[in-house]
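Sequences and hints are given; from them, build the entire structure.
Number of protein chains: 2
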Amino acid sequence: MIIGSEKARLKDLVSILRADEYVSGEYIGRMLKVSREAVWKQISTLRRYGYRIDAKPRLGYMLIDRPDRLYPWEIMYELGGSAMVKEVIYYEDVSSTQDVALRLAEEGKDSTLVVAERQSKGRGRSSRRWVSPYGGVWFSLITKPKISVRNATLLSLATALAVCNIINSNLNIPARIKWPNDVVINHRKVAGILIDMSVEHDIINYCVIGIGVNANLSIESIEGMMDDEDKGYHYYGSTSLMHEMGRAVDRVKFVASLLKEIEGIYSKLSYRDEILASIRAMMLFGPVSIIEGEGRDARTRDGIAVDVDGDGSLLVKTNEGIERITSGYVHIRYYKMHGSR
Amino acid sequence: MIIGSEKARLKDLVSILRADEYVSGEYIGRMLKVSREAVWKQISTLRRYGYRIDAKPRLGYMLIDRPDRLYPWEIMYELGGSAMVKEVIYYEDVSSTQDVALRLAEEGKDSTLVVAERQSKGRGRSSRRWVSPYGGVWFSLITKPKISVRNATLLSLATALAVCNIINSNLNIPARIKWPNDVVINHRKVAGILIDMSVEHDIINYCVIGIGVNANLSIESIEGMMDDEDKGYHYYGSTSLMHEMGRAVDRVKFVASLLKEIEGIYSKLSYRDEILASIRAMMLFGPVSIIEGEGRDARTRDGIAVDVDGDGSLLVKTNEGIERITSGYVHIRYYKMHGSR
Numbered sequence: 001m002i003i004g005s006e007k008a009r010l011k012d013l014v015s016i017l018r019a020d021e022y023v024s025g026e027y028i029g030r031m032l033k034v035s036r037e038a039v040w041k042q043i044s045t046l047r048r049y050g051y052r053i054d055a056k057p058r059l060g061y062m063l064i065d066r067p068d069r070l071y072p073w074e075i076m077y078e079l080g081g082s083a084m085v086k087e088v089i090y091y092e093d094v095s096s097t098q099d100v101a102l103r104l105a106e107e108g109k110d111s112t113l114v115v116a117e118r119q120s121k122g123r124g125r126s127s128r129r130w131v132s133p134y135g136g137v138w139f140s141l142i143t144k145p146k147i148s149v150r151n152a153t154l155l156s157l158a159t160a161l162a163v164c165n166i167i168n169s170n171l172n173i174p175a176r177i178k179w180p181n182d183v184v185i186n187h188r189k190v191a192g193i194l195i196d197m198s199v200e201h202d203i204i205n206y207c208v209i210g211i212g213v214n215a216n217l218s219i220e221s222i223e224g225m226m227d228d229e230d231k232g233y234h235y236y237g238s239t240s241l242m243h244e245m246g247r248a249v250d251r252v253k254f255v256a257s258l259l260k261e262i263e264g265i266y267s268k269l270s271y272r273d274e275i276l277a278s279i280r281a282m283m284l285f286g287p288v289s290i291i292e293g294e295g296r297d298a299r300t301r302d303g304i305a306v307d308v309d310g311d312g313s314l315l316v317k318t319n320e321g322i323e324r325i326t327s328g329y330v331h332i333r334y335y336k337m338h339g340s341r
Numbered sequence: 001m002i003i004g005s006e007k008a009r010l011k012d013l014v015s016i017l018r019a020d021e022y023v024s025g026e027y028i029g030r031m032l033k034v035s036r037e038a039v040w041k042q043i044s045t046l047r048r049y050g051y052r053i054d055a056k057p058r059l060g061y062m063l064i065d066r067p068d069r070l071y072p073w074e075i076m077y078e079l080g081g082s083a084m085v086k087e088v089i090y091y092e093d094v095s096s097t098q099d100v101a102l103r104l105a106e107e108g109k110d111s112t113l114v115v116a117e118r119q120s121k122g123r124g125r126s127s128r129r130w131v132s133p134y135g136g137v138w139f140s141l142i143t144k145p146k147i148s149v150r151n152a153t154l155l156s157l158a159t160a161l162a163v164c165n166i167i168n169s170n171l172n173i174p175a176r177i178k179w180p181n182d183v184v185i186n187h188r189k190v191a192g193i194l195i196d197m198s199v200e201h202d203i204i205n206y207c208v209i210g211i212g213v214n215a216n217l218s219i220e221s222i223e224g225m226m227d228d229e230d231k232g233y234h235y236y237g238s239t240s241l242m243h244e245m246g247r248a249v250d251r252v253k254f255v256a257s258l259l260k261e262i263e264g265i266y267s268k269l270s271y272r273d274e275i276l277a278s279i280r281a282m283m284l285f286g287p288v289s290i291i292e293g294e295g296r297d298a299r300t301r302d303g304i305a306v307d308v309d310g311d312g313s314l315l316v317k318t319n320e321g322i323e324r325i326t327s328g329y330v331h332i333r334y335y336k337m338h339g340s341r
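Chains as they are written, first to last, in our numbering: chain A, 1 to 341; chain B, 1 to 341.
There could be a bad hint or two in this list.
To be verified - Okay, derived cross-link-like pairs now, DSSO-like style, lysine-lysine, Cα gap no bigger than 27 Å in a straight line:
1) Lys56(B) / Lys7(B)
2) Lys86(B) / Lys11(B)
3) Lys109(A) / Lys121(B)
4) Lys109(A) / Lys56(B)
5) Lys121(B) / Lys144(A)
6) Lys11(B) / Lys56(B)
7) Lys317(B) / Lys86(B)
8) Lys260(A) / Lys11(A)
9) Lys121(A) / Lys336(B)
10) Lys146(A) / Lys146(B)
11) Lys41(A) / Lys11(A)
12) Lys121(A) / Lys121(B)
13) Lys144(B) / Lys109(A)
14) Lys86(B) / Lys109(B)
15) Lys146(B) / Lys144(A)
16) Lys146(A) / Lys7(B)
17) Lys260(B) / Lys146(A)
18) Lys260(B) / Lys144(A)
19) Lys253(A) / Lys109(A)
20) Lys7(A) / Lys317(A)
21) Lys144(A) / Lys144(B)
22) Lys268(A) / Lys109(A)
23) Lys317(A) / Lys56(B)
Worth flagging that the hints you see were computed from the coordinates, not collected in a lab.
Here's what the structure looks like:
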């Protein structure tokens, strides 16, 4: 972990170095109100973090290359001020950003992003394992949305909407929401949402939004990502942004855009109809199986997902009429329609 | 805190001593499969806990008097086996049973009751202070109800219903539910419910049900119990079971009956209509003020509470028609009706 004061210093230094030309140590020192020796020390720190910085006598320093890391100062720089994210806590390796964030939330932290390059015990829905190697985007956001717990079931879909919007608009790939908490590209999972909440009566004390995105992962590295329950079933597998685009994404920019999108959507959560319309437009509908129970006891019925209702439940047309599937205890499998994306 | 193995031993010993006659040390030893010396040691332990036990040569031991304490073995003995309470954790003094239980739940404990004789930082709704001297009933129950978070708002009312039922049937005092989380006798608060939940998407990971009952408290000792917000307002004050009955209640029996009632009601939570009908029958309706905002910014409107709806919201008739008050961000004050109990 990197301490707060160092984060702030490095954020300022990196923003000066972004000038894309040589900047003198004396100028940097003046801007940061530190000595040239202190500047030199911080340049060394950045180099240790993987930054390539050229130093020329009389000219000063120039940033040649940034490492592909989700450093706090990079995310904060791209965010450029956010009410939703006041602090970024960074790990190279962590058990699970969600578990760390939950602990911090319990201790009173708010508006904090926990991000990691790798998770050893990444968590998916219902405590399923989530494979999280380097190259992905794995983060958990501590936030306190001012909504009733009744609207909280929409949070998962609203967050998936934000992920879709950014993939669609920034990367120009047609991502869709797979109810209740996944984002897919051509039926292949590219991102998942995990939401933990602490609730007092119907007031949300805090909310931890976990997001995992297969960003720059090779298709081989995510082969193991399928849920056990999906194995041997009508399983479409996972994909990554890199695989779909044919090139790597700038993860820092992706995270910053996504956070801004989430902030925008959450601020409109009380305008339920507007958010719902956006969610509907982005949702995957069509033929599904409704699976109740687990393993040998599982009962399966077929139907057609036709809509989501006001509190985020999936409406499925079956032989018995329209059924309302609330997330949680029921699993839904989507059949791929011929020609559908 | 008293450790588990000691609890089990003392539970067995106390149940033997309940014979209401002299029981020989040799007989006790045989029943508990320990030596007579071990029996003597455990008798000493009980005496240290405040039990009066007479010992007569050749006759053995007889229980003369139990201390007025909510000891785990006493509660477990009265409960006589419960799926909902597998363990009782006891404190003479604790900061807050709710905070302790929340921590234990976070660590994975389930079906556990945390009980204390006194709380130094007892918590009411919205972190308000709850005065908790010796003589009351202060406990928190860790449980995992298999319900969707959508039905969770009913939990508070369902728990208040359990408290009412026990006060009504066991003590024959007309208690009513004051929405959203209090139990009152003739408009005076006698018990409060506090519910904290950890939620993943719409699945409840765990639930901590906090209950505070002014059991054997003198009316003087609860004068300080009014909420700050109630001071100087139409405030009816608090009361205690002892004050209403004119004699002390057996707290151990009260706790055990209450836990059994809660277990029964929770097991029927999915039969919403049945539970709702019981809640309605026990609810305080009539003239209320709806208070939005706090302090100087508070806006107040008058209305008549007429019903609760399917998810536990209060329906209030105002000039603008029927308004649905969801708990949490709005406060409700009840006016006492002439002659109403």
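Hint check:
1. Lys56(B) / Lys7(B): Holds, because 26 Å separates the two Cα atoms, which is no more than 27 Å.
2. Lys86(B) / Lys11(B): holds, 14 Å
3. Lys109(A) / Lys121(B): With a Cα-Cα distance of about 21 Å, the restraint between Lys109(A) and Lys121(B) holds, given a limit of 27 Å.
4. Lys109(A) / Lys56(B): violated, 61 Å
5. Lys121(B) / Lys144(A): Status holds; Cα separation ~24 Å.
6. Lys11(B) / Lys56(B): holds, 22 Å
7. Lys317(B) / Lys86(B): violated, 44 Å
8. Lys260(A) / Lys11(A): holds, 19 Å
9. Lys121(A) / Lys336(B): Violated, because 56 Å separates the two Cα atoms, which is more than 27 Å.
10. Lys146(A) / Lys146(B): holds, 26 Å
11. Lys41(A) / Lys11(A): Holds - the C-alpha atoms of Lys11(A) and Lys41(A) are around 15 Å apart, at most 27 Å.
12. Lys121(A) / Lys121(B): violated, 36 Å
13. Lys144(B) / Lys109(A): Answer holds: Lys144(B) to Lys109(A) is near 26 Å, not above 27 Å.
14. Lys86(B) / Lys109(B): Within the cut-off at roughly 10 Å; holds.
15. Lys146(B) / Lys144(A): It holds: about 25 Å lies between the C-alpha atoms, which stays within 27 Å.
16. Lys146(A) / Lys7(B): violated, 44 Å
17. Lys260(B) / Lys146(A): violated, 36 Å
18. Lys260(B) / Lys144(A): With Cα atoms ~36 Å apart, Lys260(B) and Lys144(A) exceed 27 Å; violated.
19. Lys253(A) / Lys109(A): holds, 25 Å
20. Lys7(A) / Lys317(A): Given that 27 Å is the threshold and the Cα spacing comes to 53 Å, the pair is violated.
21. Lys144(A) / Lys144(B): holds, 24 Å
22. Lys268(A) / Lys109(A): holds, 23 Å
23. Lys317(A) / Lys56(B): Measuring from Cα to Cα gives roughly 77 Å; hence the hint is violated.
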